[in-house]
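Chain A is already provided as a structure; the job is to place chain B on it using the hints.
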Amino acid sequence: MAKDTPPRWDRRMQQRLARGEAAALGELYDRFASLVHSLAHRVLDDEAAADQVTREVFGYIWENPDAYDPKQGNLRSWVAKLTQRQAVHRLRQAEAEVYEETGEGSAEELEQKVRRASVAARADYIVTSMPAPLRAALELAYFQRRDYRQTAADLGVTEDEARRRLRLGLQLLSTANTRSLEGSPPGYGRTL
Amino acid sequence: MTGPDEERGPDDEIRGAPRIPAPRPAPDDWADLSAAPSAQTQPPETGTEPGMSPDPLADLDAYPAPDVPADLPADPSADLTQDLPADLAPEVPADLPADPSADLPRDLAPDLPADQPRDLAPDRLADQPRDLAADPPADTPPDPPAVARPSAPPDSRTPVERAAGDHAAEVTPRVPHSVLKSLLGAWALSACSAEETCAVEDHLTECAPCADEALRLRDAVGLLHSERDLDLDPLLRSRVLENCLGRRPARIPVPSWATPYDSETARLDALLRDIGDAEWHAPVRLKWFEGERQVSRRTTVAGVMGHLLPVDGLVATALGLDDPLATGPASKAPASFPPQSPAERTEAYWNGAYHPPTRKVRAPWRDQSHTLIRTVSFAGRGVAELSVPYGDFALPLRDSLLDRAFECWVHADDIANAVDYPYDPPSGAHLHGMVDLAARLLPAALADRRRTGLAAPAKQLVTAGSPGRTLHLEVEGSGGGHWYISLDSPAAVGSPEHTVAQVALDGVEFCQLVAGHVSPEEAAAGQDGDREAIRDVLFAAASLSRL
Chain A
1 MAKDTPPRWD RRMQQRLARG EAAALGELYD RFASLVHSLA HRVLDDEAAA
51 DQVTREVFGY IWENPDAYDP KQGNLRSWVA KLTQRQAVHR LRQAEAEVYE
101 ETGEGSAEEL EQKVRRASVA ARADYIVTSM PAPLRAALEL AYFQRRDYRQ
151 TAADLGVTED EARRRLRLGL QLLSTANTRS LEGSPPGYGR TL
Chain B
1 MTGPDEERGP DDEIRGAPRI PAPRPAPDDW ADLSAAPSAQ TQPPETGTEP
51 GMSPDPLADL DAYPAPDVPA DLPADPSADL TQDLPADLAP EVPADLPADP
101 SADLPRDLAP DLPADQPRDL APDRLADQPR DLAADPPADT PPDPPAVARP
151 SAPPDSRTPV ERAAGDHAAE VTPRVPHSVL KSLLGAWALS ACSAEETCAV
201 EDHLTECAPC ADEALRLRDA VGLLHSERDL DLDPLLRSRV LENCLGRRPA
251 RIPVPSWATP YDSETARLDA LLRDIGDAEW HAPVRLKWFE GERQVSRRTT
301 VAGVMGHLLP VDGLVATALG LDDPLATGPA SKAPASFPPQ SPAERTEAYW
351 NGAYHPPTRK VRAPWRDQSH TLIRTVSFAG RGVAELSVPY GDFALPLRDS
401 LLDRAFECWV HADDIANAVD YPYDPPSGAH LHGMVDLAAR LLPAALADRR
451 RTGLAAPAKQ LVTAGSPGRT LHLEVEGSGG GHWYISLDSP AAVGSPEHTV
501 AQVALDGVEF CQLVAGHVSP EEAAAGQDGD REAIRDVLFA AASLSRL
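Chains A and B, in that order, give the protein sequences.
1 is the number of the first residue of the first sequence in the UniProt record's numbering; add one for each residue after it.
1 is the number of the first residue of the second sequence in the UniProt record's numbering; add one for each residue after it.
Simulated from the structure, these hints should not be mistaken for lab results.
You may find that some hints are simply not true.
Listed below are the simulated SDA-like cross-link pairs for lysine to any residue, each with C-alpha atoms no more than 25 Å apart in a straight line [as the list claims (entries may be wrong)]:
1) B:K360 with A:Q144
2) A:K113 with B:L223
3) A:K113 with A:D46
4) B:K360 with A:Y99
5) A:K113 with B:L224
6) B:K360 with A:G156
Chain A side only, calculated, beta carbon under 10 Å to chain B, not exhaustive [stated by the list, open to error]:
7) Q15
8) R16
9) S34
Using C-beta positions, here's what the derived DEER-type ranges look like [to be verified]:
10) B:P396 with A:E97: 23 to 31 Å
11) B:P467 with A:Q15: 49 to 57 Å
12) B:G428 with A:E104: 38 to 46 Å
13) B:A326 with A:E97: 17 to 25 Å
14) B:R248 with A:Q144: 39 to 47 Å
15) A:S106 with B:G477: 45 to 53 Å
16) B:R248 with A:R145: 41 to 49 Å
17) B:G481 with A:E97: 39 to 47 Å
Where is the CB? At the ideal position from N, CA and C, for every residue including glycine.
Next up, chain A with everything else stripped away, as it sits in the complex (with noise of 0.2 Å):
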């Protein structure tokens, strides 16, 4: 539902939220907070803490709807970018923490696990946003396990199709990814 999202839905909950309508905060909420909880979620894979980054999150936009430029994406992206953010400032927080007390981790550990947390998060925010085609074919070939010829059949579209669109499917989640690579030697280094 929410990638048909219009422009215009998204500059008119920005002004209702600054006319400071409350029902308005709570359309905001029945379309995002699945969105931002399992965001926050896939970072901090911790339920309290996945509650926590949500009320900050939503607080914030309820208080600065003005921070939303338009010009600069869609809104269900901007809510992304604003999770994403506090709730890799709560895992940072959270290891620190844990660094005071145990003295258990270090800088280079914290760093791989935001960088993998980060990566998790932006792999999910491209599978629920991606073309609801493309979607629907990963839908079909990792979750329900079929082959791309039953993909082809159940979506009603030619072999040739199922294959481009599982294809470009994960090509659009590897951009997640793509630190990933770096470390690796050109070609062939790493187990598949």
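Relative to the frame of chain A, chain B by itself:
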């Protein structure tokens, strides 16, 4: 903690150009690429938001808005633009990376026939024998581990001879490179046939760009995760909204009497979001109570929503909003159209809908409920008393929305049972309001039944406004409390001093009774006192239910 000032911060690690060349565009892609702007566009940095924790390392630009391709992180596959079908392609990403593989030897260009590169670059072959799998030299990158290559038989040919011959011998019939390339996604997902898998994996040993892409796609598969997103705690919504409103009070608040409807519609909507297409057609038996017995009606999950939509529409029409029956598929209007009773409206919607109802009913129902909440927020205080006609009775708007919240929960529970999802009762405060509404409606319902001979005659004549015989209703659990139900006349006042009977039951149980989901005989109620009065009140409670 250090972190940011390490050699490479995660910032540039995420955003930076990959060290290994991105897959080289196939020759047939070049035309498109040369047309695309080659300049790297650095997306404008969003400033640190005041109030949010500044985190210079979080990569703000890493979230591509699908409709804003300029935000795509660097390194979208160069093929992407070329391959996206017109209906899927957002636009050409403005920030396609400058082709990092431009200096790759020509023999890696993927679309050349597999035997051609060898002719073009004989010297490469000289120091890189083709049968890497047999015995990869230490300095040669190993095969991708997943590649199960049949081991080559001992071969006396020179590398060049072998190069020219063995591939054709292994894979028959020969699959064109473009097809192999197109299979990479399916291969990464293990979604192609065994033969195709072999063909692709064999190809990966000789085609660096495809091997590179294959690795990336396999990595991407690892980012998919099957664990279903945890359902949001339904109570989180009110906590989040409360927190917001504590930080900045609403200038246009949602009236407190509308919040049960706001919460319940949000909870049901979240349930609907989580159920699959097929579950919308799961059978549901709607139950209610007529006269002395329970009746039921078979429908589906979508059919239940086709009931809530037109009945909520009663409230919408009372507020001057569009009637979903007048604008929907059922709008072939006779004079008495649209009808006012909830049952008639439901039938009208079901009959007029293009059968069978599907999940498409969700959006109009949700839009209507959002519009209702928004409208009553702006309508000013007097609107709470606006009369909402239900055909043979009417309720003031504040009670009407409470009634709709109650129905919403009851039917959400029906739906949840049908699709085997857990579903909690409303919060204590909201449940209390629903019990209170039912308790207030009971004396009139009792009088109604008395008129039709279904309840025992009044025992006393009571002056309006005076206390009369009373039933003490004790509702236990969250949202519970004590209510004193006037037995002999709706105009009389219930009073503890005039109690002739007492009924005690759990709040959810009482609501199930009022919804017609449990019969008065079966309701697990503690009873004490006048048996006839208790029976009449329990039946009157059940009679509040309807389709």
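Evaluated hints:
1. For a cut-off of 25 Å, the pair hint linking B:K360 to A:Q144 stands: about 23 Å separates their Cα positions.
2. Of the supplied pair hints, the one linking A:K113 and B:L223 holds, its CA atoms being roughly 15 Å apart against a limit of 25 Å.
3. Between A:K113 and A:D46, the direct Cα distance comes to roughly 14 Å. Compliance with the 25 Å bound is thereby established for this hinted pair.
4. Under the criterion of a C-alpha separation no larger than 25 Å, the hint pairing B:K360 with A:Y99 is inconsistent with the structure, at around 51 Å.
5. Restraint check for A:K113 and B:L224: the C-alpha separation of about 18 Å stays at or below 25 Å, so the hint holds.
6. Between the alpha carbons of B:K360 and A:G156 the distance comes to roughly 20 Å, so the proposed pair stays at or under 25 Å and holds.
7. The closest approach between the C-beta of A:Q15 and any C-beta of chain B is roughly 12 Å, which is over the 10 Å cut-off, so the hint fails.
8. Because the beta carbon of A:R16 sits about 8 Å from the nearest beta carbon in chain B, less than 10 Å, this interface hint is met.
9. About 6 Å separates the beta-carbon of A:S34 from the nearest beta-carbon of chain B, less than 10 Å, and the hint is met.
10. Checked against the given bound of 23 to 31 Å, the beta carbons of B:P396 and A:E97, roughly 53 Å apart, lie outside it.
11. Checked against the given bound of 49 to 57 Å, the beta carbons of B:P467 and A:Q15, roughly 53 Å apart, stay inside it.
12. Separation of B:G428 from A:E104 is about 42 Å and conforms to the stated range, judged on CB atoms against 38 to 46 Å.
13. A C-beta distance of roughly 59 Å is found between B:A326 and A:E97, which places it outside the suggested range of 17 to 25 Å.
14. Taken as a hint, the range 39 to 47 Å holds for the pair B:R248 and A:Q144, whose Cβ atoms sit roughly 45 Å apart.
15. As the Cβ distance of A:S106 to B:G477 is approximately 51 Å, the hint placing it in 45 to 53 Å holds.
16. Judged by the Cβ atoms, the range 41 to 49 Å given for B:R248 and A:R145 holds: they are separated by roughly 48 Å.
17. As the Cβ distance of B:G481 to A:E97 is approximately 44 Å, the hint placing it in 39 to 47 Å holds.
Against the hints set out earlier in the document, violations occur for numbers 4, 7, 10 and 13.
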